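Kindly produce the complete structure, drawing on both the sequences and the hints.
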Amino acid sequence: MSAYLLRAGDTGPTQQSPVTCGAACLTVARMLVDDPFARWVTTGSGLPVLGAEGSTPVERFASYERTVHRRTNGLKVSRAGLRPPWPRALGTPPWGARAELEAGASRVGTRYEVDVLRPLGDDGLRAAFERLHRVVDEGEPALLYVGSDVLPRHVTLVLPGQLDDVVDVYEPASGHVRQVTVTEVVEARLGLGGWDRAWLLVRPTGERPARAGSRPAFDPRRVPVPRLVPGTAPAPDAVRSEPVR
82 MSAYLLRAGD TGPTQQSPVT CGAACLTVAR MLVDDPFARW VTTGSGLPVL GAEGSTPVER
142 FASYERTVHR RTNGLKVSRA GLRPPWPRAL GTPPWGARAE LEAGASRVGT RYEVDVLRPL
202 GDDGLRAAFE RLHRVVDEGE PALLYVGSDV LPRHVTLVLP GQLDDVVDVY EPASGHVRQV
262 TVTEVVEARL GLGGWDRAWL LVRPTGERPA RAGSRPAFDP RRVPVPRLVP GTAPAPDAVR
322 SEPVR
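The working numbering numbers the first residue of the sequence shown as 82 and each following residue consecutively.
Hints may be right or wrong, so weigh each one.
Simulated restraints, written as ranges between beta carbons of each label pair [said to hold, decoys possible]: (1) Trp176 to Gln260: 25 to 33 Å; (2) Gly135 to Leu232: 29 to 37 Å; (3) Gly190 to Leu86: 36 to 44 Å; (4) Gly135 to Pro99: 14 to 22 Å; (5) Gly202 to Ser136: 19 to 27 Å; (6) Pro165 to Gln243: 36 to 44 Å; (7) Gly135 to Glu194: 16 to 24 Å.
Read the hints as simulated data drawn from the structure, not as lab findings.
Being a predicted model, the structure only gives us computed values, none of them experimental.
Backbone N, C-alpha and C fix where the C-beta goes; we use that ideal spot for every residue, glycine too.
Written out as structure tokens, the structure reads:
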């Protein structure tokens, strides 16, 4: 876990252009899980990071923000298929943000999905907030897209809160981190970067890698042993063990 942390009341870096709020959030998310990367951006010490060049923290952050924006919005061909490019002037698309989070801006092995919040009623928004509160963890943040009644306009980074009924949210236009409650989400009065309504979530699925020491990689008790009738030979299929999970 990185030594770089953000909590309600803290101030982090600010986005370096009007359209890179998502890229700024994703850069901060990487700083929260990658200590050498955070140290390079904030102090310039350690091994230089390709795509995060500069002589000051602001220059290095801005450089990597641009790197992330190119990556999230660019054309990508993979086994999953073709991901078409998205105009950078329109900000960060949620599918590009999801790919960036899964590729290193969150804890290794964390999977993400996109939830559409705008059409939900009060009960649906409360359920979405409760689910978000359960799955957001250290190193497994979420992105919350906020906007007006008609369009999403801004991206923020959701972090685990220190209270049972709130989350902490990093707002990249100001760099401020503050608490957000379920009531603010339901009543559309978020006030994040000047925008009040929740539109989209790019959130962890809750599928997390096994934590160190949770159980041994190999447990002989989980390997099935065929029972044999005395005096008979086992059939070939009888001695095939199922894969250890």
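Results of checking the hints against the structure:
Checking the proposed 25 to 33 Å range against Trp176 and Gln260 shows it holds: the Cβ atoms sit about 29 Å from each other. The hinted window of 29 to 37 Å between Gly135 and Leu232 holds, with their beta carbons roughly 33 Å apart. Taking the beta carbon of each, Gly190 and Leu86 are about 21 Å apart, not inside 36 to 44 Å as hinted. Between Gly135 and Pro99 the beta carbon distance is about 20 Å. The supplied range of 14 to 22 Å therefore holds.
Under the hint 19 to 27 Å, the C-beta atoms of Gly202 and Ser136, about 51 Å apart, miss the expected range. For Pro165 paired with Gln243, a C-beta distance near 40 Å keeps the hint of 36 to 44 Å intact. In this structure the hint that Gly135 and Glu194 lie 16 to 24 Å apart at CB is violated, the actual value being about 34 Å.
Going down the numbered hints, you'll see the structure goes against 3, 5 and 7, while the others check out.
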